[in-house]
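**Student:** Numbered continuously in this note's numbering, the sequence shown closes out at residue 467.
No lab work stands behind these hints, which were simulated from the structure alone. Do not rely on the hints blindly, as some may be mistaken.
[Stated by the list, open to error] Restricting the straight-line Cα-Cα distance to at most 27 Å, the calculated cross-link-like pairs of lysine-lysine (DSS-like) are: (1) 334 x 317; (2) 239 x 299; (3) 388 x 365; (4) 434 x 449; (5) 299 x 317; (6) 401 x 361; (7) 365 x 401; (8) 401 x 423; (9) 219 x 317; (10) 219 x 239; (11) 361 x 388; (12) 334 x 365; (13) 434 x 361; (14) 317 x 361; (15) 401 x 388; (16) 219 x 299; (17) 423 x 434; (18) 434 x 401; (19) 449 x 361; (20) 422 x 434; (21) 401 x 449; (22) 401 x 422; (23) 334 x 388; (24) 388 x 317; (25) 423 x 449; (26) 361 x 334; (27) 422 x 449; (28) 365 x 449; (29) 219 x 334; (30) 365 x 317.
Remember, predicted model here, so these are calculated numbers, not experimental data.
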Amino acid sequence: MGNKIASLAAYFSGYAGNLVSLPTVENISPRITRLLGCNPSPMTLQGTNTYLVGTGKSRILIDTGSGGSVEYTTHLKEVLSSNETTIQEIILTHWHPDHVGGISDVLTCVENPDNVRISKLPQEGLMEEIGGNSERKYHYLNDGDEILTEGATLKVYHTPGHTTDHLILLLKEENAVFSGDCILGQGTAVFEDLFSYMKSLEKILSLDPCIIYPGHGPVVTEAVEKITNYIEHRNMREKQILDSIGETPTDFVSAMDIVKKVYTETPWYLHKAAENNVHHHLTKLEKEGYVSECHVSQWSGLAST
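Let the sequences and hints guide you as you build the complete structure.
**Tutor:** Written as structure tokens, this is what we have:
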């Protein structure tokens, strides 16, 4: 059963068992050091990518991994020491534990942890959050904020869909995007709200980035092609779902009915996860006026006018 659950998670995160090998620590540009979070799994792929950004004596860390890894904190301390630098701010792309769980560990790597600002966008519907596994309160960012450090200018863009609080960061000096979990280096991303997620992909595409530094997986050098492929993949799946429903309002189908028509090459034990994906598509299509939930979990197409 455990193997099936792992397979399910892997399948819908796009993991196919052929992950690119990534160094635990790598200088991926003159102003960016990537440190793997040392937390590999089917859902985190090679592990969470954390990025130390800047060229000066005080830099920005993007995401913190899951926490609890002595290997990660050892590498982070070594990088900070060898560059004679510290961390001025931690920016979190979203609230998921594999991105915020390492906050407390990271703070042990600097001499003055109280001086480190911990920043993110607020979650929808929550008045206040605590910083991951620490007792620190977050500094809340706004869409359009710019964060400066020596050698780097980061602009915040709200990109909901994967989560309500998800953000990406545009590194102006490289026209590069830190994409969090909105776009992965390998495979496709999962999401909470497909309607919002598709709008976020379009927003990132409009930035016309040259490079994507993802939350998981290798650097994406063909950024526009990658984003376009993500959009086309979801549009293709959406068309398959619409075609399977038909246009007459009397055709009632469930999400599982659609799974059996559309996910024909998917093993049976992955059908429940596929059903969740289909439900996200149906919710988006309902917002757009293409389908209607006529009964509980029973859907129909709306006749063309």
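**Student:** Taking the hints in turn, state whether each one holds.
**Tutor:** Against the structure, the hints come out as follows:
1. 334 x 317: Distance ~7 Å between residue 334 and residue 317 Cα, so the pair holds.
2. 239 x 299: Judged against 27 Å, a Cα distance of about 24 Å means the pair holds.
3. 388 x 365: holds, 14 Å
4. 434 x 449: Roughly 23 Å separates the two Cα atoms, so the pair holds.
5. 299 x 317: Distance of about 22 Å is within 27 Å: holds.
6. 401 x 361: holds, 17 Å
7. 365 x 401: Holds, because 22 Å separates the two Cα atoms, which is no more than 27 Å.
8. 401 x 423: holds, 13 Å
9. 219 x 317: It holds: about 21 Å lies between the C-alpha atoms, which stays within 27 Å.
10. 219 x 239: holds, 14 Å
11. 361 x 388: With Cα atoms ~16 Å apart, residue 361 and residue 388 stay inside 27 Å; holds.
12. 334 x 365: It holds: about 16 Å lies between the C-alpha atoms, which stays within 27 Å.
13. 434 x 361: It holds: about 26 Å lies between the C-alpha atoms, which stays within 27 Å.
14. 317 x 361: With Cα atoms ~18 Å apart, residue 317 and residue 361 stay inside 27 Å; holds.
15. 401 x 388: holds, 20 Å
16. 219 x 299: Distance of about 25 Å is within 27 Å: holds.
17. 423 x 434: Within the cut-off at roughly 14 Å; holds.
18. 434 x 401: holds, 20 Å
19. 449 x 361: Given pair residue 449, residue 361 holds - Cα atoms ~13 Å apart, limit 27 Å.
20. 422 x 434: holds, 11 Å
21. 401 x 449: holds, 16 Å
22. 401 x 422: Roughly 15 Å between the alpha carbons, so the hint for residue 401 and residue 422 holds.
23. 334 x 388: holds, 20 Å
24. 388 x 317: holds, 21 Å
25. 423 x 449: holds, 23 Å
26. 361 x 334: The hint holds at about 22 Å.
27. 422 x 449: The given pair, whose Cα atoms are some 24 Å apart, holds under the 27 Å limit.
28. 365 x 449: Between residue 365 and residue 449 the Cα gap is close to 19 Å, so the pair holds against 27 Å.
29. 219 x 334: Within the cut-off at roughly 20 Å; holds.
30. 365 x 317: holds, 13 Å
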